[in-house]
Each structure stands twice: as C-alpha cells, then as structure tokens.
Amino acid sequence: MNNTATILDLIRTKSPLVHNITNYVVMNNTANGLLAIGASPVMAHAIEEVEDIVSISSSLVINMGTLSKKWVESMIMAVKKAKTSGTPFIFDPVGVGASKYRMETAQILIKSATPDVIRGNASEIMALAQLASISKGVDSSMDGQDAVAGGIELSKKLNNTVIISGAIDYIITGDKISTIENGSPLMSKITGMGCTATAIVGACIAVENDMHTAAIAGMGIMGIAGDMAASASKGPGSFQVNFIDALYLLNETTIKAKLKLND
Amino acid sequence: MNNTATILDLIRTKSPLVHNITNYVVMNNTANGLLAIGASPVMAHAIEEVEDIVSISSSLVINMGTLSKKWVESMIMAVKKAKTSGTPFIFDPVGVGASKYRMETAQILIKSATPDVIRGNASEIMALAQLASISKGVDSSMDGQDAVAGGIELSKKLNNTVIISGAIDYIITGDKISTIENGSPLMSKITGMGCTATAIVGACIAVENDMHTAAIAGMGIMGIAGDMAASASKGPGSFQVNFIDALYLLNETTIKAKLKLND
Amino acid sequence: MNNTATILDLIRTKSPLVHNITNYVVMNNTANGLLAIGASPVMAHAIEEVEDIVSISSSLVINMGTLSKKWVESMIMAVKKAKTSGTPFIFDPVGVGASKYRMETAQILIKSATPDVIRGNASEIMALAQLASISKGVDSSMDGQDAVAGGIELSKKLNNTVIISGAIDYIITGDKISTIENGSPLMSKITGMGCTATAIVGACIAVENDMHTAAIAGMGIMGIAGDMAASASKGPGSFQVNFIDALYLLNETTIKAKLKLND
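As given, the protein sequences belong to chains A, B and C, one line each in that order.
End of the first sequence = 268 in our numbering, gap-free, step of one.
End of the second sequence = 268 in our numbering, gap-free, step of one.
End of the third sequence = 268 in our numbering, gap-free, step of one.
Any given hint could be a false lead.
Computed footprint of chain B on chain A, listed as stretches where at least three residues anywhere in the stretch have a Cβ under 8 Å from a Cβ of chain B [as the list claims (entries may be wrong)]: (1) 89-99; (2) 201-212.
Some chain B residues well away from chain A (every beta-carbon gap over 10 Å; in silico) [stated by the list, open to error]: (3) S63; (4) K88; (5) N164; (6) I182; (7) K194.
To give an idea of the chain A side of the interface with chain B (calculated C-beta under 7 Å), a few residues [what the hints assert, rightly or not]: (8) A10; (9) Y29; (10) E54; (11) V153.
Rather than coming from a laboratory, the hints here were simulated on the basis of the structure.
No residue lacks a Cβ here, since even glycine has one placed at the ideal position from N, Cα and C.
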C-alpha cells in the first residue's frame, strides 16, 4: 500500500476520536467528513470540559472561523493541554488577514502552543508569515505559489508542517515541499471545504506520527474525493452529497490510480 | 391505523411547535427532520426568551451536544418552565460519559425537572444509570442489550420512558419493554441521527399523551425512513438526502408494511 | 438583459463580500446560497472584529433567528458601522412576534440604524408594523396580502424597502408594490429558505443601488431556483440539493423565460 492508503486504512480500523473546536458554519460538514472516512468526531468548546475532551482524544483541530472571546479562551486552554498530553494538533487560521482580532488571536494561539500542522489558503499563510496582511474575507485571492516562500519561512520558524491549499496543494516541512494536484474548482463554491480538509488532516495526524506524511494523506484524500465528486455533479449542491459519498467509498485502488502527488 | 401512523398523521394535521435547545452541529438537520414530518421547529436559547417560547410550544427538546455555561442556564430555565406549563419534554444526554461537566450537567437537568422521555445510545444510558461512566465521545461503543438493565433502573427511578437507540431500539417504561429493529448501519456514519431521533420523538410527544406509544412512533418513523433511504443510497452523503425525502414521503401503508415492532 | 439577470451577472463578476450576522441553524445554507450565485460570504459576530468586517464588506445581513445578548450587541455595533461606512444592510426579523425579547430586539436594531431592506413573512412584517403581535414560531400563518397594508406602512415610516415573502412575494417601497409569483410549496418544508432569501437579496444590494430593483432581483433568483429545483425533487432533501445547483446554473435565458414579475 502507499502511505495515503495505509493511513486511511488505519483511520477506518482505529476510528480515532478527533476533537474539533471549530466554527458554527462548518461543524456539520466537518463531522460528516470525519465520519465518512471512519474517524470519530467530537465537538466540545466549554472551558469546563475542554481539557477532559483533549485528554481522551487522539488529535485536536482548532479552527478560528467564527471567533469570540469565550471560544478563544477554550482554544488556548485546549492547545496547551494538547502539548502536555502529547496530542497532535492542527490549526486552521480562517480569514486571518480579515481583521486585527483574527491576526491577534492567531498569534496568541501559536504562542500558546506550536501547532504540529497549519493549513490555510495562500492569503492566510502569507498573512501568518506576515508577508502580507490583507485578506478578502475567507477566500484565497492569491496564487498558492506566491505564498510558498511565506510557507517555508513559517514552517522553519515554527519547526512544523504548513499546508497551502488551492488548485495545487503545497505541503511544506522546512525545505521539503510536496505538491498535490487533485481537486476541483467546484470545491471553492461550497463553504467549509478548507475546514473539512483541516479536519481530515486532523484525523490523519491521529494515526500517523510523521506530520508531512499525514498532511499528504489528508490533502490527497480530500483532492481525490473532490475529483470523484466533481465528475458526477451538476453544481455545488450535488457536489456536496457526492463528496461525502466519495470519502466513504475511497479505497486503495482509487487512491493509487488517482493521487497526483509530486513528492 | 396503527398508533405510529396515527401519530404521524396528527403531527401533519396539527403541525405542533417543537422548541429545541440543541447543539450547534445538528440544528439544521433537526429542523429539517421536524419539517419533513410536518412539525414546526423553533430554536431559541436566550435566557431572555426561553420561557416565552416554552409557553407557546407543544413540546420541548433538550440536547446537550455542545454545552456551555449560558446554554445550561437556559436549559434549566426551560425544563422548569416546561413542568409548570405542562409541556412534555425529552432529554438527549449527548456524550454524557465523556466529561465530568457533561455528567454534572445531566444530573442538574434531571434534578431540575424529570424528563418525560430520555433518549441516548447504550453508553449514554448506562452512564446516566451510573452503571458505567466511560464513554468514547458521542458514539456508542456498547451493545444496546447491555444497557437494558440500566435503562429499566433509570426508567423506574425517574418514572418515565427511556429509549436506548442502536441496531435494536429499546423503548422502556418501567418493566414494559418494546423493541424496534428498523434502521441501517449507515445512520451511524452521519452526525446527528441520534439528535434527529430525539427531536422526532419530541414531535410525537407533542401530539400523544402516552409517552411509551409516542416513543415507539418516533423511533419507528426514524427507523423506517432509515431503511427506505439506505436502500437508495451509495454512501452517507446520498443517505442524508434520501432520509429527509423518506421522512416526507412516509405514509400509513409504508409504516404498516415495514415497522418491525416487538411490543 | 433584464435587471435581475444584470444584477446576477454583476454578483458573479464582482464577487462582493457579504457580511452575515445570522443564526446558527442556517449559517451553512446561507453561505452556500451566496457562494452558488457567485458572492463571497463572511460570517463574523465578535464585538472585537465586527466593525472591521463591516468596513471591508459590500453589504451586511442581520438575521435574528437565534438571539442572545452578546450577539445583539454585535448586531447593533454592526448596523451603526454600516450607516457610517455607507454599507447597505438588510434585516431579517425571524420570529419577531414569538417573544417579547425578539420584539424589543427588532425595535432596538431598527432604531440603531434603519435597514435599507427588511424581509420577513407575513406574520413577521405585521408584527413589525405592530398591526399584529402574535406569531407561531418562525413560520408564517398569515396570507401575504393581509400583511401588505402593514408592509406599506412600515416602508413609509422607515423610508425603505420591505419584502413580504410567501406564495406571492411582495416588494414594497412606499406606494410602489411589485409581486413575484415564482417558488414552490416545498420551500416551506426546509429550514432557512427565508434566511437564504434575505442573504441573496443582501448580495443584490451589494451591487445595485436601487433597493427596490435589488430586492426584486434577489426574490426572483430565489423563486426561479425554487421552481427549477422543485420540478426535479422527490421531497425536501433532494430539493435542497437541487436548489443550490439551480442557483449555480441560473442564467439570463432561464431568468427571462421563468420570472413571473408583476412590476
């Protein structure tokens, strides 16, 4: 088996508990994406229980799509707990360039505990790398390649793995860069596909210790399911349905035949 | 007509207002499930209005999937109001064994006002019955039958109806036990199917005074719609779509032909 | 091109950022509806960033479906900022008659800054016009025509545009009344279709300065997509999927052929 197929298989066998502190818009999609690949999602954000839930989970997903004070407190508590309990965690800096508050929150979170993986679009990664600080909402308005230099800088500074998603996905760990060219333009016409990608990488880091390998698997799974769904869809409505079916039906044969990985 | 068909018919005729204080992940599914069977959902959680909304509603659904302090305050206020206004209410103790906070919240809620019906999976019902206190997130990792003893104990202690859902659903009122064997394994691959079951039973108790009969109707409607949807679906994405259609299309003939009730 | 087709074309070309402060139940649908027509949705409600987000957005959508204290504070801050920054905004008074709190909140919001457009069902518009104050939850139990007098009064008092949606949609600006007769009864069997209508009108006011014309375009787009989706659907589950596809596939030809506008 190739690594991606092995990791998907491990997720289906172990059904790891993936703790999500994420935004209101995509919670449902994220949970269904995780269930479709065989993981076991839990959503919990109360300060009273967030440490308990981190401690029984196999990985943690932090997504700042719809921030507020109480949620940021819980996120900080959760990422600190993740570090002490050795729980791998991934951070999704949604719309980080869109407001000062998001920029500050991202910085506080990263200072509280270094994410094992960060996934964003080109604008978000560039904002984080402080090469650029203007973002048009939560969409990417830049080309992935422009952000690669920022991604390398960020990955070296944090000694972690950085994913820049887009038409081409870049997986960056220091000087090591892998690219994936799967996926469909329809994916940008549905809310929360980036967030789902983050959650699926979150499931991969729950079963694979090498973050770069896990990140490739997560983005590969997303992209291939996107390819399969797009070819059967009339628009973003049917795409969404077909995408969840594709995640569920994905297997070793499909992964081997379709993964466009440049490693 | 059998009872389940009669109850569905009453829901469609009366279109009862069902007040939901539920979790962020499933609100949309829950509302759509209720609309599909003909009920009228309202979601309201603000302390400033929760009593007003209970007082105009025909039933109340309390689901603790994504807890926090303010929401718990509203839930307590709502269940107390339900008791004084004679509004039947159902409680879904989502992931009750997963943290101390959830266990405490469930206890406070039950002490504030006894739920007319409780619906959970085997782990949750066992946790509530304090026969077991370990839960793997929000999924059931136990067999329904293991939890039946706990369910009977709980039902007798609270003098109410307890539903244990799973491959076999158990509806327990004291020593009276009914089982339903409809439904599909695909239902565990979509988030919020348990929560939707709770809401649909919530619609049934709005139109039927006998809680055991109402609980059978709700779980029967869920299971039959699940059977119908599964046979037409490729995976959990299409299942979700077909499930809502099936709820909408369900009629007396289908219910009579398909309900696997052991009463 | 007719106005509606021109406006849809402008949305697709400019991809305006539409800021939504809306309810938990429909956030996902609303975002997907906006993406399907080519707009760029952003959801942000924190007091710390709400003004920043308004100032980079082309329009603002305020929906009070699931209220609470903090959210109301943010809504007030957002609408005031919208006025000073010249950002057009639309208000959706969900379930305004259902509780005192909703009635008070609606009044505070309207006093803080007059909405450029208000969209509600007949009960909600009548409640706002204080001709009636009883609402059955969030559904309309009145005929649109009964509310037209209230809508005219409200529009004149506020000097803005009022939309009463239903089997017939009424777009009212002072004494000017236009009607649209597109759409399907299935739309009332899915949660959040009214909220999606509000958001889509929100995208139209981002690209068209004449509020009456923008409101017609938004309601026309909704209704035609509803017609197209209904004819291909078995129930509300498949309707939802087909509706998003229809929004995405809508073009000048379809609009010209199908729009039932009485202007």
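So, against the hints stated earlier in the document, which numbers end up violated here? When the structure is compared with the hints, numbers 1, 2, 7, 8 and 11 turn out to be violated.
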